[in-house]
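With chain A's structure known, arrange chain B on it following the hints.
Given next are the chains, with one letter for each unit.
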Amino acid sequence: MKRLLLWIGLHAGLDDALVGDIVEDSGRSRSVFRACRQLFSAIAHRIALDVRAHVWLASRAIALGWMAQLGLGRVLSDTLLRSSYAWQVNLQAERWLDATLGFPVLPPIPLIAGGSVAILVGWLVSSFHRPYGVSMAACFLASLWFVGAGLTGTRGLPNWLPPASVAFQLAMSFCVLPALTMFGAFIGASSRDPNLERA
Amino acid sequence: MSRESLGHFELVVLLAAVRVGDDAYGISIADTIREKTGKDVLLGSVYAALERLEKKGLVQFRLGESTAERGGKAKKHVRVTAKGLREIKEAQRALAALWRGLPALQGGAA
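As you go down the protein sequences, you meet chains A and B in turn. Under our numbering, the first residue of the first sequence is numbered 13, with each subsequent residue one higher. Under our numbering, the first residue of the second sequence is numbered 11, with each subsequent residue one higher.
FYI, nobody ran anything at the bench for these hints, they're computed from the structure. It cannot be assumed that every hint is accurate.
As the list claims (entries may be wrong) - Below 27 Å or equal to it, Euclidean Cα-Cα: the simulated BS3-like pairs (lysine-lysine) are:
| no. | chain 1 | residue 1 | chain 2 | residue 2 |
| --- | --- | --- | --- | --- |
| 1 | B | K99 | B | K65 |
| 2 | B | K49 | A | K14 |
| 3 | A | K14 | B | K86 |
| 4 | B | K86 | B | K65 |
| 5 | B | K49 | B | K65 |
| 6 | B | K66 | B | K46 |
So here's chain B without its partners, still in its complex pose:
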């Protein structure tokens, strides 16, 4: 894992962006997170995470079309970079290693 390791929510946002694909933007990412985790996330939080991810070079933005339903504001599409994909795989490896061999949690006892 890189020195600037991914936060939990950053990882969730990255994974959602990968799931959505090339058309990923704020709303589609938030919808995917809600659909898969059952948790409603605020768009402000998604954008804050995306800004941090962009600074780390894990995502890139591309401006899309503006529409009347968006008040004439263009969409900001998100693309996960190769570095971002490597970070996701590294996080998956690390989490899988930590999970492996853990006794099943029963009734709260470890």
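Bound-form chain A, shown alone:
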């Protein structure tokens, strides 16, 4: 638990002493919920401060993220589904998945492609914006949510699908893929390069 808190806190760009305090506090309270609350609120503070102080970087992160998202998504989907063999596998896997879950969902290959793209994009945005990587990736993610919510609002939910399918798609779009993006961002943030000083 201590190591996980340290890793997340340092990769998110939190002050060393603050991370130490959170670790010390978690040792005293022995409450996972409290430790998570402390950590994530500190990260949220950090993100807000970084984005406010570096608006230009945040804009660049959003632009880079969208270019990568659209470009990589297209390339990966086209590559993976190019062969007829891949189509067959995808179709069979989709039937298996639908039968297992009991309701229709997105085909597996686009799902896997989407997840991979999310991690890659998070990693890319974060790597190009060190030492504010995680904050800038979060900013990009907020833009994704904003657009996604807007599109869902204007187009509405697909009413020809069963509610479970809609819930699955919403969970993928608004929870799983964003979580994978932030996972990629944390990997890309790679803890403390001594030559990179936070302003």
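Chain B only, in chain A's frame:
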């Protein structure tokens, strides 16, 4: 009061740091605030306030010892500067002046 006047939470953090003394750091300040006000404060909020106070020259930091229970991270001790103490006294004077002469609040009526 200076042009950059103290926010409510900044004042609370400053007062807690004065109470704790030379060993003040994030956890001791948060504990003091919880003990005296009954409100649980998040360490992130305390540090954000301390950063703002440091920029205003009201506190100074000093790195302390690192321990295994802190994952090898050093403590950041807080010392309220002379300017910080003046700001606290000024805030006390201003608040006391505002409180003075206020009719007792009874049943919500001013």
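Holds or violated: K49 of chain B to K14 of chain A, with C-alpha atoms at most 27 Å apart:
Answer holds: K49 of chain B to K14 of chain A is near 26 Å, not above 27 Å.
For the pair supplied as a hint, K86 of chain B and K65 of chain B, is the alpha-carbon distance within the 27 Å limit?
16 Å, holds
Hinted pair K99 of chain B and K65 of chain B, Cα distance within 27 Å:
19 Å, holds
Has the given pair, K66 of chain B with K46 of chain B, been kept, meaning a C-alpha gap of at most 27 Å?
Status holds; Cα separation ~25 Å.
Is K14 of chain A within 27 Å of K86 of chain B, Cα to Cα?
Distance ~19 Å between K14 of chain A and K86 of chain B Cα, so the pair holds.
Taking only the CA atoms, is the gap from K49 of chain B to K65 of chain B under or equal to 27 Å?
26 Å, holds
Every hint, counting from the list given before, is met by this structure.
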